[in-house]
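Chains A and B are the protein sequences, given in the same order. Each residue of the first sequence is one higher than the one before, starting from 568 at the first, in our numbering. Each residue of the second sequence is one higher than the one before, starting from 24 at the first, in our numbering.
Quick caveat, the hints were computed from the structure, so don't treat them as lab data. Any given hint could be a false lead.
Unchecked claim - In the DSSO-like style, the derived pairs of lysine-lysine whose C-alpha atoms are separated by at most 30 angstroms in a straight line are: (1) Lys189/B / Lys716/A; (2) Lys691/A / Lys100/B; (3) Lys703/A / Lys685/A; (4) Lys100/B / Lys626/A; (5) Lys123/B / Lys677/A; (6) Lys121/B / Lys703/A; (7) Lys622/A / Lys70/B; (8) Lys192/B / Lys61/B; (9) Lys137/B / Lys685/A; (10) Lys626/A / Lys119/B; (11) Lys119/B / Lys677/A; (12) Lys691/A / Lys61/B; (13) Lys121/B / Lys70/B; (14) Lys61/B / Lys626/A; (15) Lys121/B / Lys709/A; (16) Lys61/B / Lys119/B; (17) Lys123/B / Lys709/A; (18) Lys626/A / Lys716/A; (19) Lys616/A / Lys638/A; (20) Lys137/B / Lys616/A.
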Amino acid sequence: MSKFKISSSTSEEIPTSALPDIIFMLLFFFMVTTIVRPHEIMVEQHIPKATQLRKIEKKSLVAHFNIGAPKNVHQYGSEPKIQYNDVFIETRQIPQQVEEARARLSEPEKDKLTISLKIDEEVKMGIVSDVETQLKEVNALKVIYNTLKDS
Amino acid sequence: MKNYPKGSRPQLSTGSMADIAFLLLIFFLITTTIDSEKGLLMRLPPKLDRPIDMEIHERNLFNILLNSQDQIMVEGKLMNDISGLRNDVITFVLNKGKDKNSSDSPEKAVVSIKTNRGTTYKQYIKILDEVQAAYFEIYAERAGLTPDVFRALDQKDPKQRALYLKARKGIPMNISIAKPSN
């Protein structure tokens with residue numbers, strides 16, 4: 568057995584001076600990836616799963632519609648409703664809203680507007696098809712059914 | 024400026040820096056929802072002023088019906104297990120006139136999904152997903168890629184776009200969403 572001379576001057580502390588830097592790195596990562604939701608989702612959203620997912624090419628060219636049963640059942644009832652931005656809208660208001668979203672885009676991008684439909688899996692197809700019929704009225708034909716990745 | 028005695032320059036204490044950063048970190052951790060803008064892309068058919076009677080021969084139509092109990096009927100037969108649907112669609116599309124009851128050519132082949140107003144959205148997505156999967160398997164095989172790689176092809180890159188268009192040439196993704204029955 569060999570013997571080691573234990574030096575008493577060795578510091579046993581872990582240097583923590585780099586800790587803030589590490590934490591800041593994590594912090595910046597989350598700050599960059601965070602999307603602050605401008606609108607509160609007022610409907611139930613259990614998104615169905617699918618495998619054949621594709622990405623939206625340009626996120627600024629998307630109008631979001633959320634469809635589901637309202638979270639606040641006492642105020643809005645339990646029938647599925649359509650939420651656009653911050654408000655509930657009726658199906659017949661959809662063309663107007665799409666036109667408004669289009670008006671904000673620049674001229675060459677106007678016909679590239681994608682409609683993102685985030686629909687609760689319990690919603691019946693009746694309302695979904697009503698929405699699609701209204702979208703056809705204003706020629707907004709590019710639709711993405713928002714789904715989760717099924718592994 | 025204030026004069027300090029030599030050797031005692033004031034220092035900012037950095038000991039609590041980590042704690043402050045942690046607080047911010049935790050705040051962003053909680054508020055973050057990594058929002059995935061992903062899903063099933065579809066192109067709706069344009070609005071028609073009056074219905075046109077387009078002749079689609081029965082053999083070129085692959086009928087999928089969904090009723091309000093979420094039961095599936097494929098080509099007139101009740102189907103409980105949809106695992107075989109994908110291959111059925113592939114053989115239907117790539118039939119090229121061999122089987123008398125299946126499609127003439129991939130261009131003419133149409134997969135029709137008809138729902139009921141009472142069908143759940145979940146079931147519809149499941150079926151749509153399977154049908155799209157069938158088409159992507161066909162495309163991916165023509166391009167010599169796996170379906171996952173094929174779907175992730177970047178449309179803005181000319182090289183990748185050329186590959187994408189080449190694989191799709193002659194086999195349009197004809198998925199027809201019929202108006203739901205009551």
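Against the structure, the hints come out as follows:
The hinted pair formed by lysine 189/B and lysine 716/A meets the criterion: a straight-line CA distance of about 27 angstroms does not exceed 30 angstroms. Distance restraint check for lysine 691/A and lysine 100/B: the Cα-Cα separation of roughly 23 angstroms lies within the 30 angstroms cut-off, and the hinted pair is therefore satisfied. The suggested pairing of lysine 703/A with lysine 685/A holds, with an alpha-carbon distance near 18 angstroms, which does not exceed 30 angstroms. For the proposed pair lysine 100/B and lysine 626/A, the alpha carbon gap of about 42 angstroms is over 30 angstroms, so the pair is violated.
At roughly 45 angstroms between alpha-carbon atoms, lysine 123/B and lysine 677/A are farther apart than 30 angstroms, so this suggested pair is violated. Restraint check: the Cα-Cα separation between lysine 121/B and lysine 703/A comes to about 37 angstroms, which exceeds 30 angstroms; the hinted pair is violated. Our distance criterion of 30 angstroms between C-alpha atoms is met by lysine 622/A and lysine 70/B, whose separation comes to about 26 angstroms. A hinted pair counts as satisfied when its Cα atoms are at most 30 angstroms apart, and lysine 192/B with lysine 61/B qualifies at roughly 25 angstroms.
Using a Cα cut-off of 30 angstroms, the hinted pair lysine 137/B and lysine 685/A holds, with the two alpha carbons roughly 21 angstroms apart. A C-alpha spacing of about 39 angstroms is found between lysine 626/A and lysine 119/B, which places the hinted pair above 30 angstroms, so the restraint is violated. A threshold of 30 angstroms between alpha carbons decides the hint, and for lysine 119/B with lysine 677/A the separation of about 39 angstroms lies outside it, so the pair is violated. A hinted pair counts as satisfied when its Cα atoms are at most 30 angstroms apart, and lysine 691/A with lysine 61/B qualifies at roughly 22 angstroms.
For the given pair, lysine 121/B sits about 35 angstroms from lysine 70/B by alpha-carbon distance, which is inconsistent with the 30 angstroms threshold. Note on lysine 61/B and lysine 626/A: the hinted pairing holds, with a Cα-Cα distance of about 11 angstroms set against a maximum of 30 angstroms. Distance hint between lysine 121/B and lysine 709/A is unfulfilled; the C-alpha atoms sit about 34 angstroms from each other, more than 30 angstroms. Distance check on the hinted pair: lysine 61/B and lysine 119/B sit about 33 angstroms apart at the alpha-carbon level, beyond 30 angstroms; violated.
Only pairs whose Cα atoms come within 30 angstroms are accepted, and lysine 123/B paired with lysine 709/A is rejected, the gap being roughly 35 angstroms. As the CA atoms of lysine 626/A and lysine 716/A are separated by approximately 19 angstroms, the hinted pair is consistent with the 30 angstroms bound. Of the supplied pair hints, the one linking lysine 616/A and lysine 638/A holds, its CA atoms being roughly 21 angstroms apart against a limit of 30 angstroms. A C-alpha spacing of about 20 angstroms is found between lysine 137/B and lysine 616/A, which places the hinted pair at or below 30 angstroms, so the restraint holds.
Going down the numbered hints, you'll see the structure goes against 4, 5, 6, 10, 11, 13, 15, 16, 17, while the others check out.
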